[in-house]
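For the record, the sequence lines run as chains U and P. The number in the working numbering is simply the position in the first sequence, starting from 1, with 299 added. The number in the working numbering is simply the position in the second sequence, starting from 1, with 81 added.
Hints were generated in silico from the structure; no laboratory data involved. Keep in mind that a hint or two might mislead.
[As the list claims (entries may be wrong)] Which residues of chain U face chain P? A few of them, derived with a C-beta cut under 8 Å, are:
#1 434
#2 454
#3 458
#4 495
#5 505
#6 511
#7 512
#8 583
#9 585
#10 588
#11 591
#12 592
For glycine and all other residues, C-beta sits at the position ideal for the given N, C-alpha and C.
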Amino acid sequence: MASVSERMAAAPSARAAVDAAHLHRAIFVGIAIFLAVAPFLLYPVFLMKVLCFALFACAFNLLLGYGGLLSFGHAAYLGTASYICAHTAKVWGMPPEVAILLGTAAAAALGFVFGSLAIRRQGIYFAMITLALAQMVFFFSLQAPFTGGEDGIQAVPRGHLFGLIDLSRDTSLYYVVAVIFLVGVLFIYRVIHSPFGQVLKAIRDNEPRAISLGYATNRYKLVVFTLSATLAGLAGATKAIVFQLASLTDVHWTMSGEVVLMTLVGGMGTVFGPMVGAAVIVTMQNYLAHLGAWVTVIQGVIFVICVMLFREGIIGVLARRLKRPL
Amino acid sequence: MTADIILSTRDLTIEFKGFVAVDGVSLDIRRGTIHALIGPNGAGKTTCFNLLTKFLTPTKGTITFKGNDITALRPATVARLGLVRSFQISAVFPHLTALENVRVALQRKRGGSFDFWRSERVLRALNDEALNLLDAVGLTDFAALPAVELSYGRKRALEIATTLALDPEMLLLDEPMAGMGHEDVERIAALIRRVSANRTILMVEHNLSVVASLSDHITVLARGKVLAEGNYATVSSNPAVIEAYIGAGHA
Numbered sequence: 300m301a302s303v304s305e306r307m308a309a310a311p312s313a314r315a316a317v318d319a320a321h322l323h324r325a326i327f328v329g330i331a332i333f334l335a336v337a338p339f340l341l342y343p344v345f346l347m348k349v350l351c352f353a354l355f356a357c358a359f360n361l362l363l364g365y366g367g368l369l370s371f372g373h374a375a376y377l378g379t380a381s382y383i384c385a386h387t388a389k390v391w392g393m394p395p396e397v398a399i400l401l402g403t404a405a406a407a408a409l410g411f412v413f414g415s416l417a418i419r420r421q422g423i424y425f426a427m428i429t430l431a432l433a434q435m436v437f438f439f440s441l442q443a444p445f446t447g448g449e450d451g452i453q454a455v456p457r458g459h460l461f462g463l464i465d466l467s468r469d470t471s472l473y474y475v476v477a478v479i480f481l482v483g484v485l486f487i488y489r490v491i492h493s494p495f496g497q498v499l500k501a502i503r504d505n506e507p508r509a510i511s512l513g514y515a516t517n518r519y520k521l522v523v524f525t526l527s528a529t530l531a532g533l534a535g536a537t538k539a540i541v542f543q544l545a546s547l548t549d550v551h552w553t554m555s556g557e558v559v560l561m562t563l564v565g566g567m568g569t570v571f572g573p574m575v576g577a578a579v580i581v582t583m584q585n586y587l588a589h590l591g592a593w594v595t596v597i598q599g600v601i602f603v604i605c606v607m608l609f610r611e612g613i614i615g616v617l618a619r620r621l622k623r624p625l
Numbered sequence: 082m083t084a085d086i087i088l089s090t091r092d093l094t095i096e097f098k099g100f101v102a103v104d105g106v107s108l109d110i111r112r113g114t115i116h117a118l119i120g121p122n123g124a125g126k127t128t129c130f131n132l133l134t135k136f137l138t139p140t141k142g143t144i145t146f147k148g149n150d151i152t153a154l155r156p157a158t159v160a161r162l163g164l165v166r167s168f169q170i171s172a173v174f175p176h177l178t179a180l181e182n183v184r185v186a187l188q189r190k191r192g193g194s195f196d197f198w199r200s201e202r203v204l205r206a207l208n209d210e211a212l213n214l215l216d217a218v219g220l221t222d223f224a225a226l227p228a229v230e231l232s233y234g235r236k237r238a239l240e241i242a243t244t245l246a247l248d249p250e251m252l253l254l255d256e257p258m259a260g261m262g263h264e265d266v267e268r269i270a271a272l273i274r275r276v277s278a279n280r281t282i283l284m285v286e287h288n289l290s291v292v293a294s295l296s297d298h299i300t301v302l303a304r305g306k307v308l309a310e311g312n313y314a315t316v317s318s319n320p321a322v323i324e325a326y327i328g329a330g331h332a
């Protein structure tokens, strides 16, 4: 038995798998160091926006890239968490950590309910059900009294974290957001590389085969759907505190589209792709904002170029060049 | 029903919009035998497989496995009872390594794998067993390769190793030799014979020389009905069987 293991360990490709884990660890450390010094180089509010969207895209990628499920309604979880968080902080006067947790929990509950409906269908029908459910959330948000309709919930207090740290200072809030982001993406990394993640990838690759091995695949899909919605909610709730605002933009279907774009541009099914994708799209929106509606046109062109020229996305192409999973 | 019948069907029928694909099929498969299901194209062999493993729901009829009626059960449940199938097209998980492919099946022993908070390092305990299974099908050197990069014959071998990882009481092999070269056919045939030791195997196969050398019992299907049953000599000399094969354009 040992001899078999030794032969296996001697194979160059086996070492590559171990190398990949080391490489990923090094990249995460690199990201942490970058995040620590970034506010000295870049505008903190811009960085926080990138981090919120990067977490959102990573959450979405967990579902699409590793679960093989294309949700076209992820704005529902981002937006719901954002509204609940804003309401909790502003109307109920709760501290920011409670508001963020409540918002995230709301997204988790919504994800569980919507997920259990959507996973009954596959492919395009799955996507359409998630979209239809998300549209219901949009109209609810437009009509419900507590969401403020077209105005949204404005002037949300940032408050004091644990009653100690004053988050009205951008730099303090930035480090809190950076920690939330890191915890979120490390959690996603763990999910991908867990026993659950193994089964998940098997289901993504070949669902009938996974069933024939005795896996009740729908339960796994529901768990990953709920996890993805929860993390999207964490991103949305954090965003509400950062911008002191929860608005219809966050529940609009274009937000669901944007997260697909970010994930594909960065590289779906890669660990770091969605972060890069989110950074690219948010940067573009920020620096091209003076072009108005043209931003949407440029985004469309980029999307087409991505799909036609490098379908694997920025990090996907890079990973192929380097022959390393990223 | 006698105790040595592991799987049986009574009057199994499925109808698709007026077309009866499987029509009143009653099978009895004895424990510990290799049973072959043959017949011309469109005879309903694969449909029959899909019914037995619950990937399709019969219009009428019953399926009994180890004395329990499994007609109403879901496919994953049937698999957990020990009735495991392979597929006509090679069914591997392309982006998992060969080792991971087998290990996913071994993971079933843990019950559900819903522990998303735990590191996959806990699965390393299964590596030796997975490697032994890969060794049995001659894939040790490919353990760390993604399944998508394996040749067709090796994918089939990997699929068999994955199926064996479940240690099922009964295996359903859907055309295990389909699309294989001569050498692969012999290797897989030897493998099937070896794994049949403590198991029951039901297989669909077109390669009649394989059927002749491997199977203890043969059921011939044609147009969704059982045409003949018996060992190879009985079946191959049956005029109705010869007629069905030649009549359908097969020699």
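Hints, verified against the model:
Interface restraint check: residue 434 of chain U against chain P, minimum CB-CB distance 29 Å, threshold 8 Å, status violated. Using the Cβ-Cβ criterion of 8 Å, the hint placing residue 454 of chain U at the interface with chain P is not satisfied: the shortest such distance is roughly 37 Å. Violation of the interface hint for residue 458 of chain U is found here, the shortest Cβ-Cβ separation to chain P being roughly 30 Å, above the 8 Å cut-off. About 4 Å separates the beta-carbon of residue 495 of chain U from the nearest beta-carbon of chain P, less than 8 Å, and the hint is met.
Given the 8 Å rule on beta carbons, the hint for residue 505 of chain U holds: about 5 Å separates it from the nearest Cβ of chain P. Interface hint at residue 511 of chain U: satisfied, since its Cβ lies 5 Å from the closest Cβ of chain P, which is below the 8 Å cut-off. Because the closest C-beta pair between residue 512 of chain U and chain P is about 5 Å apart, less than 8 Å, the hint holds. Contact between residue 583 of chain U and chain P, as hinted, is not supported at the beta carbon level, the nearest pair being about 31 Å apart and thus beyond 8 Å.
Here the hint on residue 585 of chain U is broken, as its CB sits about 34 Å from the closest CB of chain P, past 8 Å. The beta carbon of residue 588 of chain U is not positioned within 8 Å of any beta carbon in chain P (closest approach about 39 Å), and the interface hint is therefore violated. The beta carbon of residue 591 of chain U comes no nearer than 42 Å to any beta carbon in chain P, farther than 8 Å, and the hint placing it at the interface is violated. Here the hint on residue 592 of chain U is broken, as its CB sits about 40 Å from the closest CB of chain P, past 8 Å.
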